[in-house]
Amino acid sequence: MRRNSIPEGSEVLPPPGSSTGQEPRLWMRGITKSFRAVCALNNVHFEVYAGEVVGLVGDNGAGKSTLMKTISGAGPADEGEIMVDGQPVKIISPQVATRLGIEMVYQDLALCDNLDVVSNLFLGRELRTAYGTLNEMAMEQQGLAVLRTLDVKIPSIRAIVSTLSGGQRQSIAVAKTILRQAKIVLLDEPTAALGVAQTRQVLNLIRRLRGQNLAVVVISHNLADVFEVADRVIVLRLGRRAGTFDVKTTTTQQIVAAMTGAEFGEIMQSETTDENRPQKGNES
Amino acid sequence: MSEIFRQQLPQESTTTTSTVEVLDNTQRWTLRQFVRSDLGFLPVLLTLVAITVYFTVTTNGIFLATGNISNLLQQIITIGVEGLGVSLVLLLGEIDLSVVSVGTLSAVVMGVLSERMGVPGWEAIIAGLFIGAVAGCINGFFIAVLRVPSFIVTLAASIAYAGLLLNLLAGQATLIVHDPFITAIAGSPLSFLPDIVGVGLPTLVLMFYAAALVVDQILRRRSGLRTRSLLHLIIQVVIVAIIVEGTIVVLENTPGPTPGTYLGVPNSAAILFGLILLIWLALKKTRFGRYVYAVGGNAEAARRAGIHVVGIRMAIFTLCSTLAAIGGMLAASRANAVASQISPTLLLDAIAAAVIGGISLFGGRGSVWSIVLGALIIGSLENGLDLRSQGSDVKQMIEGAVLLFAVTIDALVRHAQAQRENDR
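Chains as they are written, first to last, in the working numbering: chain C, 1 to 284; chain R, 1001 to 1424.
Chain R extracted, bound-state conformation (with noise of 0.2 Å):
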């Protein structure tokens, strides 16, 4: 193709165009770029150190030892995996404000058709996703094919689910669960991987994704592309392994109820990594992944690259609806129960998880695997007061508190972005 544009171009547009910037392969990392690209979670990373640090400090330890570490990972499930859900919601530039009322509806279908209706456990579970996708699917078709704001459509769905529930559950306020399939995924004292699952299967994970990098970087090189420098590279590999590898140790030395045992990876916590790895996968790996960016990025440009919108719009909704039905069933599970009250600061929490942890409220912006720290800062506020014996006046105020100034610094942190952009 190229000789085709070998042509002769006036003597004066040659020199003025060849004084911008230049195109090169040459490797550039500039501290800014590193601070900007890949510590763009350096802030709420410290937040969450201090808030460890203070905890640790004021409950003497309690609040890393590994029985407490292995509760908080417990606790954070459910909001991060509605968080997940909501955190591609908010990819889009949309919200979901019915992830709560969908989760707990799901978990009380689970839990009618296993107690009342002897339906087996795994039927029951089936039956709770396939509702909450189906919850997704309304709520997409009104938002992506009728475009009803996303914020009525599923807020109105939340109050109906709410009513729904009620009534499947006729008057009843908590419906003990005891179908030992459900009970034995996140509520029992075998919710535990094996520990030759437990580690080997993340170990698994972490030696192909460190493979893949390398594998990356060579065709990278050899194709004549820009790579980034070794040391990058090694550092990236190191941190990630160190981060899985020691949370893995400090489960798998995690005493048991009966002395002498100790209870390993959760399957909670595998089912929350499970589904972040995978939809991490799916957002930076496929085409659909792509889309849903570029929707949120832009949505017009989007249809005029000829992507289906709408069709990304109810993917979106339904896998969210779906993700908060999981949510909702392993919640279920882990308390044996489910309730016709819903959470009332569940909501908020998995909202909150997400834009703590960095997508943008905006759209577009934003990488699933920041759920983690996210929840993780809820998670340990929320687990942290309770240690201290702090009632839920102070807890409420303070994860407030907490979340306004995440937004803030999120508001703060683009506005300075616009700004920088347009000086350029």
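If we strip away everything but chain C, and leave its shape as in the complex, we get (with noise of 0.2 Å):
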């Protein structure tokens, strides 16, 4: 695996579509997707590299967790084309995305409380012995070896989830999406409802995802943590792409200012957004 050595902190990866002939792990063009009347994602296009954090920011309403939908399968778009590893795919269900490599990681986790740190790890993928019994061993050495290169603490992978804190529930989270082979992570507001020191946990294991060269889209309503640790910000507003900024040469109020509408300044990839401006929005 490919690896980008890169001082922590000021990453940037190159823009999309420039001459590094560097292909976007996932590509989408001319995302639509309605509820009924409601458009809720209006012609959005979106990409993620390979060893590169996409925050993915806008206000309630805004289409963020439809697009990650998506993604994800859970609620295909009406139209448009993705590609990963630049071949077209169709995800039309979560098992697709799944094949594809593709894991989210939902805001509620997803981990059955009542089973231990393993069974949660190995959820819907249990490793076997030749006479079919699950191999507890073999997934107790997998998880352990997962946990410790994320650099997950807890106090025994046989604990039971429920009596984790949040942070380390987060990590287990995510260390799932490891063991599934994951090339592309989407994280839910992956902060939310965490403490300081918690939510440090999680930022430094999001860039562990990232130095791992997978491609991991953070959705965040917290500016701050999204600007600690992503490489590019993409602003969803009223189901459209209101654009995409470096963090490194951003302000937060920019960016605050591209999720409320108050100005589309400072828009880094003209030819992401541009074309669909003059569209007529059916949003409010």
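If you're looking for bench data, these hints aren't it; they were derived computationally from the structure. Some hints here could point you the wrong way.
[Stated by the list, open to error] Facing chain C, a subset of chain R residues (Cβ under 8 Å, in silico):
(1) Gly1118
(2) Pro1120
(3) Arg1221
(4) Ser1223
(5) Arg1287
(6) Arg1304
(7) Asp1386
(8) Arg1388
Here a beta-carbon is modelled for each residue, glycine too, at the ideal position from N, C-alpha and C.
From these two lone chains plus the hints, build me the complex, please.
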């Protein structure tokens, strides 16, 4: 696997479509999705590269979750094309997304509180022995290896998940995606409802995911966290992509402005959004 | 994979993460942990001991006589088998109120086929099992596919099957079963295992269990995984061995009807413990079992993990009703008859046995072995009160109180745990 060895916090990936020749891990064009009369996504473009953390921000109802669902397969898009590693794909169900290496960590984490850490890590894809029984030892070993490489600290890999802290639970949910051989990880509000130390823990975890050359998308309301961990920030507003910002050269104010529509300033990638601008929005 | 992770992190973040808990492989068994995880059944066990002491004293030792213990064991079979089915459904966080109706219906089908239509006993039993499985499938379809609350579906099923079995019996209140194959299972002097099987089979299982634990311990140590202390392992094996072999000794020394003969292990007890063992293995060692607990703990998470939640629910309701059918047919075999009257207390007894034993009503927690403790408590109360010649009035009042007590303890323990988790 290829890895960018770039100093932390100032990593800048080549802008999309630049001459580096790097292909986006995930590339989406013209994604449109309507719920009856409401157009939740209107011709949205989206791309994320390997070894990159993209922050997806926007006000409530901007279409962040809808866009994530079109990627994770939970709510396929009505229109638009998607490519994963340059191959055109149709993500029609979560199973398809999983097969493509796309994993979503939901805000509610989708952990079984009554099961222990190993059981949760391997839920749905348990390792089995030659006799078809659960291979607990292999699962424990692999689980421990992943938790160690992600530097996740828990009292025991056999601890029941309900006894763990919020940050630990988030880490378990993320480690689960690694065990599933994810190439693209979508994180929904990973730092919501976490304390300061635990937030830091999770942000470090996200950096380690990037270090593993994964494409990471972080949806968050917390701009401070997004700024700390993301390389690029994509702003959605009223179902459209309102701008793309390089965190290194952007201020929070500019992003807030884009989120709220106060001004469409400092758009990094004009070609990704401008062509859609004239369309009539049917929001409101 | 690990070299990919050797990425330089900013100084401040590495220092903050290294202060949180450390994942280690050393053994750390605290007393509290031990009491909570391994001795969670302690209150139930103490209750059983208290009941036993009380009845032993008040019946001048008759309660603990070998004959009565053998009798008690045979009395709890139906509660145990039907409670086992209920436990599975409770693990999913659902309920099945139709177990007794389904069990009685299966027994009636078996009885009618063998007595009135001359079907051989074993074919009648298979038909009874089939009826149970079909009833469970119907329950499962409404609950898992159509998402009708299980409480309503199984209540309706219970009423409908009660009517159906009246219809099948065509007005006959009690149908005596004569088929030797059926009565030989649990209702004749022959319904006991030969000594060699009665002693040998459990001992073999016990040895296999101990060997599996030791092999597991060695393999874990070799691969550097966390192991339990040797003392803990030895205590566990010894306790299980004492319980199993002690029970067998008592049963083998139970005097038979003719002087000089001994009864041995009842077939029905072997069936109950065999079923518990099989289901325990399925729950602990297979994907299916893991999924049952996962669905009971968080059905949405299970669904997202790609688990076929509907299939799991269907399978469990089918299994539950099949077990209920086995329970019903064992009861019929023991009584040498099938009755149109459905036992009014059996359903609550079966549910109570599961809950008293520690299967949570809220899903996902508990072990099927606890059904033995629960059934023993219910059975001991019934048996002891019978010995003291108490009527069903007193029995029902006491059983109701014990059930309420057990469920209250369950709720309080959950509450305390939730509180502790919130404090973290």
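| field | Hints that the structure is at odds with (numbers, increasing) | value | 1, 2, 3, 7 and 8
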